[in-house]
Amino acid sequence: MILLDKLYEWLDVRINAREVVARELTGYLLPRNINAWYSLGSVLLFIFALQVVSGILLLIYYVPDADKAFTSVATIMNQVPFGWLIRMCHAVGSNMMVLVLLLHMLSVLFMGSYKRPRELNWLTGFILLSLVQAISLTGYLLPWSQLSYWATTVATNSVGAIPVIGQFLVEFLRGGKQVGPHTLGRFFALHVALIPAGIAALIGVHLFLLKRTGISSPPFGRSDTSNHWTGESYHYEKHPGGIPFFPNYLLEDLRSISLYLAFFLAVVFFNPYVFFPSAAFVPANPYLTPAHIKPEWYFLANYQTLKIFPSEIIGLAVQGLAMTFLALLPFIDRGAERHPLKRPVFMTCTVLGLLLWIGLSIWGHYS
Amino acid sequence: MEDEARRRFLGVCLGGLGAAAAGGVLWPVYRYLTPRSGDEAGRTFSMAEQDLPEGAVKFFDFAGSAAVLVRKKGGELVALSAVCSHLGCIVQWDKARMSFVCPCHGGQFSTDGVVLAGPPPRALAKLPVSVAKGVITVG
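In order, the protein sequences belong to chains X and V. Under the working numbering, the residues of the first sequence are numbered 273 to 639, in order. Under the working numbering, the residues of the second sequence are numbered 20 to 158, in order.
Do not take every clue at face value.
[Claimed, not checked] Here are a few chain X residues that sit away from chain V, every Cβ distance over 12 Å (derived from the structure):
no. : residue
1   : 279
2   : 304
3   : 320
4   : 387
5   : 441
6   : 453
7   : 471
8   : 581
9   : 598
10  : 610
[To be verified] Label pairs and their calculated CB-CB ranges:
no. : chain 1 : residue 1 : chain 2 : residue 2 : range
11  : X       : 331       : V       : 28        : 40 to 46 Å
12  : X       : 473       : V       : 45        : 25 to 31 Å
13  : V       : 78        : X       : 335       : 25 to 31 Å
14  : V       : 46        : X       : 591       : 44 to 50 Å
15  : X       : 604       : V       : 46        : 48 to 54 Å
16  : X       : 349       : V       : 122       : 37 to 43 Å
17  : V       : 118       : X       : 541       : 56 to 62 Å
18  : X       : 547       : V       : 78        : 46 to 52 Å
19  : X       : 335       : V       : 75        : 32 to 38 Å
20  : X       : 349       : V       : 35        : 31 to 37 Å
21  : X       : 453       : V       : 78        : 29 to 35 Å
22  : V       : 45        : X       : 626       : 38 to 44 Å
23  : V       : 28        : X       : 461       : 49 to 55 Å
Derived from the structure by calculation, the hints contain no laboratory data. We treat Cβ as the ideally placed atom computed from N, Cα and C, and that holds for glycine.
Generate the whole structure from the sequences, applying the supplied hints.
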C-alpha cells in the first residue's frame, strides 16, 4: 500500500491526479434516489470488454477461409485447451449483450431518461443497438456452419426487397450472387475491425454526452436534490448532496456486474448450447438447405413480421417505420413528465409494443 | 482498534478472493495460449536407405523444427538439426564443398555439424539415427 501511495504521490505532483480523482470519482455526485437499473451501462461496458478480449483470443486459432473456418472452430472447441470456454463466453456473451442492452433501453424508456436534454444520448444508444445487432449478425456467419450459412442467406436476401437497388445491395453485401467465401471475407472484416471500432467510438460519444448533460435522476424513490435543465441555455445537471461515484456507486456497479457474471457463467457452464440449434454443428453446404432455419432470438420478431405481410417490401417498411419511430422517440414524446405511472398513454403503448414483440418472437420461434 | 483489525481481515479476504478470481481467469487464458506439445508433428522420421546415396542429403521436419540427414562419402549416416547455432536460420547444403552453409551470416559446418568458419558458437545438434531392414529412422 505504501508503494501505491508513493506512486499516487509521484503522479499527483506531475499531473494533479488528486484533482482528477476529486472531480471525476469521489466528487462526481450521482442522484440520491439512483437505483440498480443505472448500473446496466457499466454491465454493458464490461460485456463489451469481455467480447473484445475473447474475440482477440479466438482470432489466434480461427481461420477466415471457407474451407477451413468450420474445422478451425471445431479445433478451438475440441482440441485447444479451454478453447470451448473462450468460444462459449464469446457466443453466449454476444446474446447477453443484446439482452442487457434491451434491458438498459427499457429502463431508460420507463424512467423517461431519453427526454430532453438527453435526446442525443438516446439516439447514440439506439445506433449502438443497431451496431450490436450488426456485429452479432456478421459474427453468426464466421463458424461457417449450416446455421451460419443459411441464416446469413435469409438475412442478406431480405435486403433484396428494397425497390430498384435491392438486388445490387444483396450482391454487394455477399460479394457475389450467393453467400460464399467472399461473404465470409467481408463479414469477417466487418465483425473484427469496422463494427467494433464503430461501437467503441460510439460508446465514447455516448459517455461524453452523459458527462456533458449530467446523469438524470430517476422519477421516483428518495427526494431529489438535482437542479434540472430548463431549456434556456446549456446547463449541467448537478446533484448536490448526492452519492459519490467512488466508492459508493462503483460498488453498486460491481454488484450488478457480479450478478450478471453469475447468470452468464451459469449459462456457459450448465446450458451452453441454449443458443445453438443442431444446424450449428454441421459444416455449411450451399446445396442443402436444412429445414426450419431460424435467426437468432432477437431477430425472430423481424423474421415473423416478414412472413406475415404478403409483400416483403411492406414487411420491411413496417419494420423500418417502427425502428425510425423508436429512434426519434425523444423528439416525438416531448412532455416533461417522466414518472411511468403518470404517463398512461406511453405506458399502454410501451407495454403493448413489448407484448407484440414478444408475441411475434414466440410465433416466429414456433412457426 | 478492533475495527481496524476487522477492516484488515476483510481486506485480506477480499484480496484473496480477487487473487483466486484472477487465477481462475488467467489460467485458462495461459493454457489456451500455450503451444500444444502434440502439435510438433514428426517426432520420428523414416525413409528408405536406397533413396539416400553417398554424398546426398535429405531435409525434413523433425519435432517441429528442420533437420537434415546426410550420407557421407564412405556411407556413414549423420542426422543433424538444420537450425544454425548462431541466430536460428536454416543451413543449406553446399554440394561442391560437401558442407553446410548458413545463408544468413555465412557460418559453415562440416558433414558432422562441426563449425568450419563464421560466427556460429557451436556445432549443429546431432540427432539419433538408426538403420534396420533398409529403412533409416531418425529419432
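Verification of the hints:
1. 279: Non-interface label on residue 279/X holds, nearest chain V Cβ at 18 Å vs cutoff 12 Å.
2. 304: holds, 26 Å
3. 320: holds, 17 Å
4. 387: holds, 40 Å
5. 441: holds, 39 Å
6. 453: holds, 26 Å
7. 471: Consistent with the label, residue 471/X stays out of reach of chain V, its closest Cβ about 23 Å off (over 12 Å).
8. 581: holds, 46 Å
9. 598: Consistent with the label, residue 598/X stays out of reach of chain V, its closest Cβ about 37 Å off (over 12 Å).
10. 610: Its Cβ never comes within 12 Å of chain V, the nearest being 38 Å, so this holds.
11. 331/X - 28/V: 40 to 46 Å: holds, 43 Å
12. 473/X - 45/V: 25 to 31 Å: Holds, at about 29 Å.
13. 78/V - 335/X: 25 to 31 Å: holds, 27 Å
14. 46/V - 591/X: 44 to 50 Å: holds, 45 Å
15. 604/X - 46/V: 48 to 54 Å: Roughly 52 Å apart at Cβ, these two residues keep to the hinted range, so it holds.
16. 349/X - 122/V: 37 to 43 Å: Because 41 Å falls inside the window, the suggested range holds.
17. 118/V - 541/X: 56 to 62 Å: For residue 118/V and residue 541/X the Cβ distance comes to about 59 Å; the hint holds.
18. 547/X - 78/V: 46 to 52 Å: holds, 48 Å
19. 335/X - 75/V: 32 to 38 Å: holds, 37 Å
20. 349/X - 35/V: 31 to 37 Å: holds, 33 Å
21. 453/X - 78/V: 29 to 35 Å: Since residue 453/X and residue 78/V have Cβ atoms about 34 Å apart, the given range 29 to 35 Å holds.
22. 45/V - 626/X: 38 to 44 Å: holds, 41 Å
23. 28/V - 461/X: 49 to 55 Å: 52 Å Cβ-Cβ, so the 49 to 55 Å window holds.
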